[in-house]
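Make the complex out of the two chains shown on their own, each in a separate frame, by following the hints.
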Amino acid sequence: MKISTLSGGNSIMMLFLLIIISACSEKIPYHPRQYTVTLKEMQFKPVITTASEGDTIIFINHDIVVHNVTEAAHREWTSSNLPPGQSWKFIVKSSAEYYCTIHPVMKGTIVLKR
Amino acid sequence: MAQSSKSLADPEIASVAVVANQIDIKAAQLAQQKSTDPSILAFAKTMINDHQSVIDQASALVKKLGVTPKDNYLSKQLSAQAEKTAKILSSKSGKEFDKAYVDNEVAYHKAVIAAVNDKLIPETQNKELKELLQSVAPVLKAHLEHAQMVQQKFSGK
Chain A
146 MKISTLSGGN SIMMLFLLII ISACSEKIPY HPRQYTVTLK EMQFKPVITT
196 ASEGDTIIFI NHDIVVHNVT EAAHREWTSS NLPPGQSWKF IVKSSAEYYC
246 TIHPVMKGTI VLKR
Chain B
22 MAQSSKSLAD PEIASVAVVA NQIDIKAAQL AQQKSTDPSI LAFAKTMIND
72 HQSVIDQASA LVKKLGVTPK DNYLSKQLSA QAEKTAKILS SKSGKEFDKA
122 YVDNEVAYHK AVIAAVNDKL IPETQNKELK ELLQSVAPVL KAHLEHAQMV
172 QQKFSGK
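Residue numbers (my numbering), protein chains in the order written: chain A, 146 to 259; chain B, 22 to 178.
This is chain B alone, in the form it adopts within the complex (with noise of 0.2 Å):
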């Protein structure tokens, strides 16, 4: 995710991290069509559930904060980027799918991680959502971790 010098208003990291937890959520629900493999459907389950508890709480934040997400160019790219992800992973399948899947959940992790870190939180103004943020980040690690675990099991096949 090539990150900007443009600094986002919290409306904007609002929408960039809905549109992230959403764009995951899909991906795994994909998974969960076109998975049989135990470990890659705990991981996606796992998925839908932290990223929809994610979404919940910072929708209700945002509610309570009477702020409206804004789309940015962050999460247009976001977006787009996913979209092009979601073509490769749909046309793959088996062994094959699961692989690229998990790749893809290790590699998202990473760069949602970086712009959680280095962008998002240093970023936002408001100190509740600065907190939402800071409370996600070890989610999103222990998610980068959990893919790492699943990726080990599919190396070299």
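Excised from the complex, chain A in its bound form (with noise of 0.2 Å):
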């Protein structure tokens, strides 16, 4: 077999791009970050959260009085009544706003990462 020294070279060469392509290509597993939101002094705290789709965020509520996290648009989720002292767990889906609906001049984003 005649294998001349250029199409030698060329064969690794395009070995080598297929190894660097195939290992692009591959999808780095994500790893789902956790953030914290605050319900103190009647606010949100912090009152937009940058997160990507399948983190989570931690709403606690550190108020004296219950408050709750609702979707603003179509109340599509909800948090229901948290007492002070409790917490909820939110995986991220989209972007939203979000308020309390008992106290509503509090109001708070999530914006989805791109």
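Just so you know, not all the hints are guaranteed correct.
[What the hints assert, rightly or not] Computed far set for chain B versus chain A, every beta-carbon distance over 12 Å: (1) Ala30; (2) Asp31; (3) Pro32; (4) Glu33; (5) Val40; (6) Gln50; (7) Leu51; (8) Ser56; (9) Lys66; (10) Thr89; (11) Asp92; (12) Gln98; (13) Asp124; (14) Ala132.
[Claimed, not checked] Pairwise CB distance ranges (calculated): (15) A:Ile173 x B:Gln50: 52 to 62 Å; (16) B:Lys84 x A:Thr183: 24 to 34 Å; (17) B:Ser114 x A:Thr183: 41 to 51 Å; (18) A:Ile236 x B:Glu152: 32 to 42 Å; (19) B:Pro59 x A:Thr183: 28 to 38 Å; (20) B:Gly87 x A:Tyr175: 52 to 62 Å.
[Said to hold, decoys possible] Straight-line distance between alpha carbons at most 30 Å, and here's what the computed DSSO-like set of lysine-lysine pairs gives: (21) B:Lys120 x B:Lys91; (22) A:Lys185 x B:Lys47; (23) B:Lys84 x B:Lys140; (24) B:Lys66 x B:Lys27; (25) B:Lys85 x A:Lys185; (26) B:Lys47 x A:Lys252; (27) B:Lys91 x B:Lys162; (28) B:Lys85 x B:Lys66; (29) B:Lys113 x B:Lys84; (30) A:Lys190 x B:Lys162; (31) B:Lys97 x A:Lys252; (32) B:Lys174 x A:Lys190; (33) A:Lys190 x B:Lys151; (34) B:Lys116 x A:Lys252; (35) A:Lys252 x B:Lys151; (36) B:Lys148 x A:Lys190; (37) B:Lys162 x A:Lys252; (38) A:Lys234 x B:Lys66; (39) A:Lys234 x B:Lys162; (40) A:Lys185 x B:Lys151.
In case anyone wonders, no lab produced these hints; they're calculated from the structure.
Glycine residues also receive a C-beta, built at the ideal position from the N, C-alpha and C atoms.
Dropping the structure here:
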């Protein structure tokens, strides 16, 4: 079998490129992150949480009154009422505006990372 | 609420805190009896629950501290004013009641916020009582903003 030095070099180069391409195209597993939003002094802190799909946000009520965390546009999701000291775990699926239905001046936002 | 330069002791401050919360609960209970407006009813429910929560915490704290709330010029002044307001509100009905109730809630919360920030917190000696009053201040501020939100609905009616 005749293989010229040049075509041998090309083959090695092609193989190398294929390995690189295949390595790049493999999905790097995403490790969901966890964020905390405190309900304190009648505010969501921080007001804006930037997160990726699958990340978790823990809402903790550190106030002296009952609060809830409810999607603002269509009330698609809610924590139900959280008495002082209670927390609620939420898995991010999309961007959303949310508020406390008991204290409608309390508002927050989830921004989905692209 | 006219404020005096006369200082209050902690048992008197505890009394003012309890009375001020009780007054707003009574006004909200009146609103629940007289109003049919959803925004008024929701606001009244929040006032009852939040102010009761503050009373519960204040009561637990004074019990822990072994303090007996003591009547004083400010708590008496608050009660007397609240009685007058209740009479005026009771004489009204329908939208007229709703507007008068929410207007009073705006004025009342403004007055109580001023009293808490400018008199009660600075004059409180006990650290835990001071901290409780400091945690109540943002609740009152949120109530004022909520009341102003509801008030907009009735402005010009």
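Quick rundown of the hints versus the structure:
no.	hint	in the structure
1	Ala30	holds, 24 Å
2	Asp31	holds, 19 Å
3	Pro32	holds, 21 Å
4	Glu33	holds, 22 Å
5	Val40	holds, 18 Å
6	Gln50	holds, 18 Å
7	Leu51	holds, 20 Å
8	Ser56	holds, 18 Å
9	Lys66	violated, 8 Å
10	Thr89	holds, 22 Å
11	Asp92	holds, 25 Å
12	Gln98	holds, 26 Å
13	Asp124	holds, 18 Å
14	Ala132	holds, 19 Å
15	A:Ile173 x B:Gln50: 52 to 62 Å	holds, 59 Å
16	B:Lys84 x A:Thr183: 24 to 34 Å	holds, 28 Å
17	B:Ser114 x A:Thr183: 41 to 51 Å	holds, 43 Å
18	A:Ile236 x B:Glu152: 32 to 42 Å	holds, 35 Å
19	B:Pro59 x A:Thr183: 28 to 38 Å	holds, 30 Å
20	B:Gly87 x A:Tyr175: 52 to 62 Å	holds, 56 Å
21	B:Lys120 x B:Lys91	violated, 34 Å
22	A:Lys185 x B:Lys47	holds, 27 Å
23	B:Lys84 x B:Lys140	holds, 23 Å
24	B:Lys66 x B:Lys27	violated, 35 Å
25	B:Lys85 x A:Lys185	holds, 24 Å
26	B:Lys47 x A:Lys252	holds, 28 Å
27	B:Lys91 x B:Lys162	holds, 26 Å
28	B:Lys85 x B:Lys66	holds, 29 Å
29	B:Lys113 x B:Lys84	violated, 39 Å
30	A:Lys190 x B:Lys162	holds, 17 Å
31	B:Lys97 x A:Lys252	violated, 37 Å
32	B:Lys174 x A:Lys190	holds, 29 Å
33	A:Lys190 x B:Lys151	holds, 23 Å
34	B:Lys116 x A:Lys252	holds, 29 Å
35	A:Lys252 x B:Lys151	holds, 28 Å
36	B:Lys148 x A:Lys190	holds, 25 Å
37	B:Lys162 x A:Lys252	holds, 15 Å
38	A:Lys234 x B:Lys66	holds, 26 Å
39	A:Lys234 x B:Lys162	holds, 28 Å
40	A:Lys185 x B:Lys151	holds, 17 Å
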